[in-house]
Amino acid sequence: MESVRLVQEEALVPLARGGDPAAQEALYRAFSGPVYGLARRICRTREDAEDVVQETFLEVFRSLGRFRGDGSLWGWVRSITASKALMRLRRNKYRDADELSDDVATPPREQPALRMDLEAALERLSDTARAVVWLHDVEGYTHDEIGQLMGKSVSFSKSQLARAHARLRRWLGEEVAT
Amino acid sequence: MNHLTLEQLLDLREPGLEPGQAAAREHLADCPRCQAELDRLGQRVARLKALPAPRPSRDQFREIRSRHVAERRRRSAARSVALVLALAATVALAVVLRPGAGPGDADPGSSAASELAAIRAQSQALEETLREYNPDSRAIDGRTAAIADRIEDQLSSLDRQIELLDLMNLADPMRDTRQLRLWRERVGLLDALVDVHLTRASYAGL
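These protein sequence lines are chains A and B, in that order.
In terms of this note's numbering, the first sequence opens at residue 1 and continues consecutively.
In terms of this note's numbering, the second sequence opens at residue 179 and continues consecutively.
Next comes chain B alone, as it looks inside the complex (with noise of 0.2 Å):
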């Protein structure tokens, strides 16, 4: 005869039938060895129930508290230099696209040193708002944290590769034009990362 096993017998415990389930049930009204484990695992679950629970050895309200009042310091501060870089960025972008800077009007490379710097002052901006955000601090599920490792392990790829470009030749007519793709890509990344944070933040109501 062929006994339940025990992932079939933490099966019966869940609420619902599944399926297979009958025959598992069937069986067990016949089998007093299955019953016998059965009773066994619940009087198992409900001594776990009964184990004491343990106590905090210390109080630890103060470091607490101290810990959440400096932490709103830096937020404060963070959320003003991020503000001051995202005002840099919008006044950096003015300049960019006023209206009477035509194509002809203005120096390409200075054009495009000013887009740059722009999406510097963005890229700079996300940054702080992740480093306000501090996700490191902050209750992550697996799949969350395995998306933002990802998005993480992108970034660092792409930093190399500004890097690189950084030491490049300066007489490159193509520097300018790559330069501002990878920061382009960087900013995207950035927004991915801030939105998965963020997105993972208010789906787990935190």
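Just chain A, same shape as in the assembly (with noise of 0.2 Å):
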């Protein structure tokens, strides 16, 4: 996702700080697109996503006296938003239970017709695949960070990278004939 920039970044932080609500609103009007739309891409419903929205700026003018200053604010406030999306999937952890089984409803690759689309396909994996494939591909987040976001290891991002492409790609019709 594109880095977001906010117009008198410097002169509204400080404000916002100390609790004035324009300057809130203008970090709100700035950011609330692309943290819906990360939230929405982790967590497995809009009511999720929102709930996220919610949390992330309560999280973001709590903590703006922490805020350092030393990365981007986008940065900042997107890395809460991935942190507490990623709280909302271990809150509703059952769904990876409900993980469809990779045979169950899989089009066969001789009928083209039946091939999903992406945006189908990136919701069919399960929550913690599809949370690693947009933090890592689309967000750029190292294996590193994502496993210290999920609490989990390297190892353990890289694997479900390697089986939601080979989901993504099966699902896709984009297997290489052998």
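For the record, the hints were derived by calculation from the structure and aren't laboratory data.
None of the values given here were measured: they were computed from a predicted structure.
Be aware that one or more of the hints could be misleading.
Below, in silico cross-link-like pairs of lysine-lysine (BS3-like), each with a Cα-Cα straight-line distance of 30 Å or less [said to hold, decoys possible]:
#1 Lys152(A) with Lys227(B)
#2 Lys93(A) with Lys152(A)
#3 Lys93(A) with Lys227(B)
#4 Lys158(A) with Lys227(B)
#5 Lys93(A) with Lys158(A)
From the two separate chains plus the hints, produce the assembled complex.
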């Protein structure tokens, strides 16, 4: 996801930190779209993503005093969003057990008309695998960073990514004929 | 011929050269099938990046703002309570440790009771600090969550022991000593829990 720049960030941050409603609203207007976008890609439902938006901005307003400014504000907000969204997944972790088996609904390769589009295939991944794919491939997080966010190892993140790509490849009908 | 696995192809897309990648690169140079697979992988990632960003369906600023204001009010009230409790604990300790209070000067039972009251107040103050910090509403990484869970499990087990001790015979001469030990342990665990959350917050820059 492209980085988000906030106009007059240097002036707004101290004001928002002090609880100024107009400055807080400016932060919300600047970042709510990308925050929701990331949350929605990680969370299974729109409602969960909306909750993550609320929790993220509450945390941002609460913790702005601790923002050291050594990275971009969007980078900091994004890490809070990812962390909140993954927390939401942990709370809903029973859903991972609902992941469809690879063999149940996979469209046969000889029927290209039934191939899934990328959105549908992404949705069909388990919550963890989808989060890893999105954070790594789109947001540019390293396996080390993903491991830290998820409380797992680097190799866990790597193997989740490889398995997810194997599934996407199959569901999208992109396997190489042997 | 052994083609590259998906893991190896993904590794080749990572920055830097990891051990074992030189051989994979050599294979890739001579293998059209693996080159095609790597291209497809790159195209898939490019398509993922090009997916339209989901847009929020509603404006949540008013809700967030009112929750933030309410939370600030609660935190301010909790700070006042914690301050009063800390003050009470200090006063109780001062009574126990006052200069004139020699070993034979006071009833040992009442001294233990004062110390217990002070430790309980300390425990309550730490719980208020945790409530004020509200870890449940905060972002937390998996490792910190695991440590916090362990401490919370220990606290639950300790609380069960304290409850059992409260039901024990009041005439048991060891009861006060055990109570003091358990409550001291509880304060230690709560202190560790506060530390875990605050350390995590400063590590994560929150």
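| Which earlier hints can't be squared with this structure? | none
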